[in-house]
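> Got two chains here, each in a separate frame; can you build the complex from them with the hints?
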Amino acid sequence: MHSTAEPLPRDQFNTELVSQVRPPDWQNPEPADRYNMVIIGAGTAGLVTAAGVAGLGGKVALIERHLMGGDCLNTGCVPSKTIIRSSRVAQDIREAEAFGVHVPYEPVQIDFASVMERMRRLRAHISHHDSAKRFQQLGADVFLGEARFVGPDSMEVAGKRLCFRKAVIATGARPMVPPIPGLAEAGYLTNETVFNLTKRPERLAVIGGGPLGCELAQAFCRLGCRVTFVQKHPQFLPLEERDAAQILGRVLERDGIDIRLNSGVEQISVSGKEKLVAVVSDGNKQTIAVDEIVVGVGRAPNVEGLNLEAARVRYDTEKGVWVNDFLQTSNTRIYAAGDVCLQHKFTHMAEAAARIVVQNALFLGRKRVSALTVPWCTYTDPEIAHVGMYVTEARQKRIDVKTFTIPLGDVDRAITDGEGDGFVKIHIREGSDKIIGATIVARHAGEMISEISLAMVAGVGLTTISTVIHPYPTQAEAIKRAADAYNRTRLKPWAKSLSTRWLAWTR
Amino acid sequence: MFQSSYFKLQPYSPCYLCVLCASVVNICEKSGYMTEEILHELQRDTFDFFMHETNPANGLVPDNTNSGAPSSIAAVGLSLAAYTVGVERGFMARAEASQRTLAALRFFWNSPQGPEPDVTGYKGFFYHFLDMQTGRRAWKCELSTIDTTFLIAGALAAAAYFASDSEDEREISTLADALFRRVDWRWALNGKATVAHGWKPESGFLNYRWEGYNEAILLYALGLGSPTFPLPPESYRAFTCTYQWENLYGCDFLFAGPLFIHQLSHVWIDFRGIQDEFMRAKGIDYFENTRRATLLQQQYAIRNPLEFEGYGEHCWGLTAGAGPGPATRRIHGMQRRFYSYEARGIPYGPDDGTIAPWAAVASLPFAPEIVLPAINYINNIHHELLSEYGYLCSFNPTFANESQGETGRTGWISNAYYGLDQGPIVLMIENYRTGFFWQLMRRCHYLATGLRRAGFRGGWL
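Respectively, the protein sequence lines represent chains A and B. Terminal number for the first sequence in our numbering: 507, no gaps in between. Terminal number for the second sequence in our numbering: 461, no gaps in between.
Misleading hints may appear alongside valid ones.
Said to hold, decoys possible - Chain B regions said to be covered by chain A (calculated; three or more residues, Cβ under 8 angstroms): (1) 102-112; (2) 231-244; (3) 326-335; (4) 362-375; (5) 410-420.
Said to hold, decoys possible - Far from chain B by the CB rule (all over 10 angstroms, computed), these chain A residues: (6) Lys402; (7) Thr405; (8) Ile415.
For the record, the hints were derived by calculation from the structure and aren't laboratory data. Being a predicted model, the structure only gives us computed values, none of them experimental. Idealized CB from N, CA, C, for every residue including glycine.
So here's chain B without its partners, still in its complex pose (with noise of 0.2 angstroms):
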């Protein structure tokens, strides 16, 4: 299996959580209790979120299941991939595979761009969300700069898999190439040495930069390995000098509080046995580095310090995700208040007793020895939360529903599902099956010479 291997390639010294984990991996191992069966079911059934969701005749994907919800730009990257990996599991046919991709990047290449605010994207980048069925931009949202990075990794993807001769691949190929092209990084660098989160036509760039760690390493990769309007190197260096290298329960890492910010860039790339200037220096990869942070949410999870509901050594992650407010309880004699959709994080929070399953299972290929009991417990324990596209998207056993009038075992439930958790499930199951995704995006010549750019070395670049 691929993921024996894993830990055979961390040349690194031990964190002690790793040590404490390597124990728990081998009565996984022994008792067999998590089935590739489950995992294969649980990744059917969330890819079924991109088949019956979407909108055929564009291509467009909600960003949650809520009524009227509009389409997230990254949600449609995620489709995109997505649909490799149907192909390969057999979730869908090739031939539908390349329609539904298709008519997503023909929508995306002929939608209109231009500074008016009422259009679908602008420099080549796309609004957040649009309008499920015109395209347009929806809710005076921005022009999203990582939004739009996993939009063009969606359709980077699609080109790499579906390069055969045939006139509708070719097609793919060539739209998701100009795609590529067309979008203008270094305007979304507006003069500074980051990137902007992103830009309004009523009030311009927003206040907020690509700074400190985050989920765009992607971002950079791709904006460095444009070939028209490429970041200059010096990005990716002021990028990281926001970085902040933590020592926290005994572990060191590089520092992100929400656990989707350790995982949503490695959904798309292979970081292991690559390193940048940053990493070589600390003498482990990117995804030795979300494998620790990982274990610290659990760690975390087992400590508890606010006394959650529920928490524990199989039930942990706290990443963005649909919550239980705006609300404000008093719990044990304490206010607390509790969030609606927020990024929550540890250690220092903001942490409202919300567990997301999503960011447990997205953590699969770095620490299956914690994953799966988690898979395993909240399969059993938390079965409420498995509906018809797998895994609701989060739960606050802590947060009484109102009209339980009391905290249940699993309190409040999502009764939403989001394509932003959805994608990396099925991904990030393939990666750890198989190795799949990764090894379709090392084709993607962009992000490798963007992840040259960026200093990255080593492994299979």
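Chain A extracted, bound-state conformation (with noise of 0.2 angstroms):
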């Protein structure tokens, strides 16, 4: 079931946090007559929701459980960012010295506590863009409890009946756990609590190499935890591309993560304080012991408790609740967004599904979940950040695709700045310079895909991007690269030819 733990520690951050998305004082309004729009989950798809509801003039009624902010606020976007961050600090550090900055005290010195301290501080200060408060005075009415339809056009929260226009349920998706014998008994931390640490776990398992166990793996390895990670496929990230895939691998193991590939967690033990992780590998089997245990195995929608037949919104437990292309689900009145119903579970998804919502369930709109382009990224060091389609997705559409590949060794900015680990590949459909899809293998890949994403949404191919001017030097250079070596296919050899004998002719 989804938490409804509150933060910890309880510290002035934690406090101001708790302040803002769950006033511990706040008094649900008296519900209107009847809804435009009646939002369940006030993550980032019913805050987008609200906010564009209310916005345009609707009525609009927004209802969380628990911490508004969802996820993205709360327990993923903000937090792993800014503990990424120092984690970043702390790498650079310890690499200083290839700069020519000596630093005397070696090894490098964190201060766990107050890495998340910080982000607490942060966190807290980034919570008054999603507070009850803001929504409230951009027109919401903010209800906070369990909501639980009643009907196929109301529900109830609190007590109290909301009758509804349309509804949109947005409540989002929880970690999933996986059926590991011992693994409730010794307790373990996902992405809902492992922010909620203020002293390191010196030995740390890390189980699922996703992008959150990517992530968090690295991040509290440069933090100076000693991570094991195990993966049960043969690479992390299993659905990037594969080289990126392995680049990233070979950095997760030079920066000192002892990494199991091909291997399962069998069974989890307690001895004393430590934590007896046996992981097995091709039939080996060997212990660990580890003193917390970080789960990223994948997240289950958050369809419980909603009483969905109630409202004949058809759902199941593994894919959420059903929509389709339009994001309406079987109650033509009702309508799904985020993490509870999609495929790809981003904030950024959630975002641009919300706003599909807006416009399909209340302005008669017919936008399509299809038609969008959405990039995501995992945001390990250095970064991988991709849009569109892989190759074998379009080779197994039968696109004839090639690739475009500018490995940042060869960027002079990269190059500069150490960073030479990565590359920019640029898929585009053989015989035309259509870019069907991206990945950027960069520090910063995720700065860097939305110049290809935008190409794509506008319908930019390589010859256009190959006329940008882009500022030298930038690593965002090896795009245009790419599209330069793009340009440079097009010159055929009676081109050549001809360009050849007009030159002697003119010399």
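The following block contains the structure:
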């Protein structure tokens, strides 16, 4: 079930956070007779929908059972990125000598408690964006409590009945927990609890090599934990391009993480203060003693407790609420957005879905999810960002695809930055300059991928990108270099021959 | 000379690296600093690995020359292929070659097969590593589909070569045929479209499959050509579906990072002029692709993005091989991870500064204009690499030997020879010099059938 635990510790920052996103003295308003839209869940999808409807003059109710801001603010993007930033600083200091900067103290001293306090402070600082008060001021009726459908056009929250013309289910997802014997008894951390730590676990096991596992394993390793990283697949980020995942794997190994690919956890037991993790690989078992275990094996949609049957909304516990391409559920009055219904469980995807819902639900729109160009990024160091199709996906659809690759080791700014581990790969439909996808591995790949996303959305091909002046020196120049490489392939031998003759004639 | 016609056979749009290299060809030919004798000597010395390291009782060849190393079945396959060259070159007598071949084939045919963990093989496949004396599974290793492929290919090469009416040679032919027919390629699909890397009695099929461009073209060709348990044609389509056609350094090629991937099927198959559906669409063949991959390896070494010692125009070749690690050293203030045996590749790595001379030599038929100067360079500048069986596996000028205390010109040098490196050197020098081995393998109708079923057309097919 979804965690309702309060963020710990109860310090001034978490108190401030809670005062913003779940004010203890909050009084739910008296419901209107009927709402244009009622939204269950005040995570990214719910907040964007509520702001959109309220901004357009609609009567909207926003319901949250835990903390407004959802995973992104409280237990996801915001806290993880602040910690990642600290871990990058630590790593930069370790490698300072390569840049001619002498650091007198070695090893690097890390005050883990301060790292976590910084995270809590910045999270609290950002939290006013998602606060109950702010959304009330925007014009939404904010209800704190458990929502439950009582009919196809009504629901109850905290003993009050809300009737709606349209509704949106935006209840998000929660971390899945693998069925490992002994895990529950030994205790474990997920993204919902790992940011409550105030003391560094000296030895940490991370189970699951998806984006969350990779980010946390690297960050905690760089913050001084001895990390054992267990992944059942042959590579980390199994959905990403193999070359990207392999670069990441080598970086994690270089950072000092004990990597166990093709491995599973057979069972976990407790001995004194230690947790003993039995890792099995190719039939060989090894027991690893750790202080904490982080689990990151995927996310399960929050569909329980909503009485979706009463609303005639179809769902399952694996994929979540069933929606069509317009994000409409089996009840045409009710839509869904965000992690509860989408394959791509990203904050920016939830935001895009929310915009679709507002248009489709309230303004007779016909916007499709499948038409979205969705980038994503794993915030390891280097970051791995992707947009559009992968090569394998394109080839399975019998699309003739060609990739223009620029290794960052060939890009001046990446060389001067000492950040040559990575590449820009842009996939085009062969015979044209149409971009069908791209993968970037770079320290700030998440910042760079938007240029490709923009090009794809705007229908701009590599020919045009090659005419765009990029500031020199930047790492994003690699994108232009890829476009230039494409342009060179357009120079056919006959054209070259013609050009040579012309230049000879005009000499 | 055979190689002089290679480039006339390539009616493809030029990649700019090829144009750059055209002038180098002339320089090489004119200066004549690479003599036939040097190639001959390297080929003979390398061949001696198989002559001296093989267990004559069972034909097993050690994976490497380190003490106590088990046999690698791929190395056995390469030894069977090398014997045919050895006879042609006068390195050994035909009778001795046929006896050695028979010893190996009899061993593999009679060795125990089954699901038990300590036998030699299962379902016609064999374990990757075997005890040199007993021939039983070593190191709890995997039943290997690709290494079995190289073993079977060696057996089929022997059958094609030892084709006289003598009793010994008839037995070679019979045993090779029986070994090939026994391999249950369909089982290795394990219900999916592509072939699994391997299987272990303790844990079942490995997680990996032969996907992405790699050395498995030979595996699929033999599997498709099987008269008993043929792979379905869809398996090859599924394999090629995972290809990546990339433009790197201005050159289009079918991507694979380590150089051995571009060579190990090519040792056996003459890809000149034959194309599958993928290559037809690209307008080149796999021979040309390996040529480009070789030129890109040189380009990478010239660019040397990670600033390793020694890399350059004549010192290149990232592939699978031994390395100085596992170790982490601070080089120019940066933490550098050094690997032990690893498949190194370009441009994404892993690259720890380790160069494998055999990788360059195995590209001799594809890009002699850069390989011959590379051989010359190694012989003159890094002559410490030359020992009793030709080039030692690899070296790393960046990694200082503990005993040296500092980085010398050659730095760390592998102290071992590997059968998987020695075989391609012998066979690719021969393919460059006369094309003999490629011609021999053309006679293997199972291979030709498999290639046709994979969709290859044109040229000698």
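> Hint by hint, note whether the structure agrees.
Against the structure, the hints:
1. 102-112: violated (count 0)
2. 231-244: It holds, with 4 qualifying residues against the three required.
3. 326-335: holds (count 6)
4. 362-375: violated (count 0)
5. 410-420: n = 0 at 8 angstroms, threshold three: violated.
6. Lys402: Violated: least Cβ distance 5 angstroms, not greater than 10 angstroms.
7. Thr405: The claim is violated: threonine 405 (chain A) sits with its nearest Cβ about 5 angstroms from chain B, within 10 angstroms.
8. Ile415: violated (8 angstroms)
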